[in-house]
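*Asks:* Given the structure of chain X, go ahead and fit chain U onto it with the hints provided.
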Amino acid sequence: MTITPSDAAPDDVSTRMADAPAISAVDVSKKYGQVSALDRLTLDVRTGEVFGLLGPNGSGKTTFMRLLAGYLLPSAGRLTVAGLDVLNDSLAVRRRIGYVPESAPLYHHMRVGEFLTFMARLRGVPEREIASAVARVVARLALSAVLDKPTGKLSRGYRQRTALAQALIHDPDILILDEPTNGLDPRQIIEMRQLIRSLAGRHTVLMSSHILSEVQKTSDRVAVLLNGRLLGVRAIADTPDLEEWFLSLT
Amino acid sequence: MRTLRILFAKELSAILASPIGYTVAAVFLLVLGYTFSLTLFATKVANLQYIFHQMYVLSILLVPVLTMRSFAEERRSETLELLLTAPVGELSIVLAKYAATLTLVLGMFAASLVYALILDRYGEPDWGPIYAGYLALMLHASLLVAVGLLMSSLTENQVVAAALSIGTFLMLWFADSVSYLLPPPFDSVAINLSLIGHFKPMVSGSVFLSDVGYFVTASMLALFLAAWGLAQR
Chain X
3 MTITPSDAAP
13 DDVSTRMADA
23 PAISAVDVSK
33 KYGQVSALDR
43 LTLDVRTGEV
53 FGLLGPNGSG
63 KTTFMRLLAG
73 YLLPSAGRLT
83 VAGLDVLNDS
93 LAVRRRIGYV
103 PESAPLYHHM
113 RVGEFLTFMA
123 RLRGVPEREI
133 ASAVARVVAR
143 LALSAVLDKP
153 TGKLSRGYRQ
163 RTALAQALIH
173 DPDILILDEP
183 TNGLDPRQII
193 EMRQLIRSLA
203 GRHTVLMSSH
213 ILSEVQKTSD
223 RVAVLLNGRL
233 LGVRAIADTP
243 DLEEWFLSLT
Chain U
671 MRTLRILFAK
681 ELSAILASPI
691 GYTVAAVFLL
701 VLGYTFSLTL
711 FATKVANLQY
721 IFHQMYVLSI
731 LLVPVLTMRS
741 FAEERRSETL
751 ELLLTAPVGE
761 LSIVLAKYAA
771 TLTLVLGMFA
781 ASLVYALILD
791 RYGEPDWGPI
801 YAGYLALMLH
811 ASLLVAVGLL
821 MSSLTENQVV
831 AAALSIGTFL
841 MLWFADSVSY
851 LLPPPFDSVA
861 INLSLIGHFK
871 PMVSGSVFLS
881 DVGYFVTASM
891 LALFLAAWGL
901 AQR
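These protein sequence lines map, in sequence, to chains X and U. Residue numbers for the first sequence, in this note's numbering: 3 to 252. Residue numbers for the second sequence, in this note's numbering: 671 to 903.
The following block holds chain X by itself, in its conformation from the complex (with noise of 0.2 angstroms):
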């Protein structure tokens, strides 16, 4: 049970979009009413990078990956996806994006088949390529074997890599992986971490987690939250100690 590796070389995604940052914030703030779960987050993400979001619980990491796919609006900032604002433009952003909640929800009166081609009609993938682009997320993400069973029956790993194909059914130019690699056996950790440094190039992908380690082996750039506050970013090549530096932050 092995996750195919992206067929495409890191170099493809250049053609995709241009020099222009894949997600950018200026000043994002998200509160629900006195309570702030963003605070003035300035942060940009390069195109085809994997971006490790790093911090606690509560830290905001979730609240951003919500403002970035169009779960929620910002109270306050600008925030542009593929050079596309995602209040003005959120239909359109929501077509360029690929997004797994922490929870990897999934209609459990499906079965996964049904599901993915339930997802990718909804996420405008023309009637004729779905049989295709369901047959690729399938074999990509190992998911052949459970193909007919029910989404409610399936074990955490299969949970979260169906979750994961529906996000990539329609081969966004950035994906939002929240907590992708939460309540996982290590060799699922192992396999997901493989799967989304495959996805790095031919996808822009936004990660969060409040495991180090996980951050250090996935990412390319890694920054830190706390209390809705960005308190660094720092590429990962440059962060021998991951650990020390978090500590010196928080």
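By construction, these hints were calculated from the structure, which means they are not laboratory data. Here the structure is a predicted model, which means the values were calculated and not measured. Just so it is clear, CB atoms sit at the ideal spot from N, CA and C, and this is done for glycine as well. There may be inaccurate statements among the hints.
As the list claims (entries may be wrong) - Partial pick of chain X residues on the chain U-facing surface, computed with a CB cut under 10 angstroms:
| no. | residue |
| --- | --- |
| 1 | 68 |
| 2 | 71 |
| 3 | 93 |
| 4 | 94 |
| 5 | 99 |
| 6 | 101 |
| 7 | 104 |
| 8 | 107 |
| 9 | 156 |
| 10 | 243 |
*Replies:* Frame of chain X, contents of chain U only:
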């Protein structure tokens, strides 16, 4: 339109995959059959007015059971996050849920046509009030489903959604009774909000545009509010 069709198919499959729809339909048809037989044997009159009133009451009690899960369940299981981050408008999501639930309710109502056929076989019913009665029931169902969806969109707890819906329906049902306690012009507002006040004339065969307008406007308002509420996130 394609999106609406895709979402409608998904909603309908969700309804058909759940035991709730079948249970509600079974209870509805069982109670209705029982009432029809009793009424027919007791009165020996070939009309469906009593049955229409029975369907009115049963709808108020059973439609919330059908609508309670539509948004509340999606919120609880977090699948709403999948829908709202896909490139689809909030109105499409609401309309698909509305159309799918209404299809089930109208399907239940359609099963009652067998009573009209029985009356036609053994008596000489006046078809005008029967046609008008079914029109009234369709409009009534439309309003109940729309308001039920609105209530479901406000919470992630299905029981709360059902309770809010039944509470709202009962308040609308008895709105005209409250009018006696209110000073003008609030008394006429209460009378005009009354569900039964707009339902009754149609069931007896008198179709007024104002009654049709009430159901259509209230349904549209509830659907609009549900979509607007989803967009405020």
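*Asks:* Does each hint fit the structure? Answer for all of them.
*Replies:* These are the hints, each one checked on the structure:
no., hint, verdict
1, 68, "8 angstroms, holds"
2, 71, "4 angstroms, holds"
3, 93, "5 angstroms, holds"
4, 94, "8 angstroms, holds"
5, 99, "8 angstroms, holds"
6, 101, "5 angstroms, holds"
7, 104, "8 angstroms, holds"
8, 107, "4 angstroms, holds"
9, 156, "14 angstroms, violated"
10, 243, "36 angstroms, violated"
The structure is inconsistent with the numbered hints 9, 10, although it conforms to all the rest.
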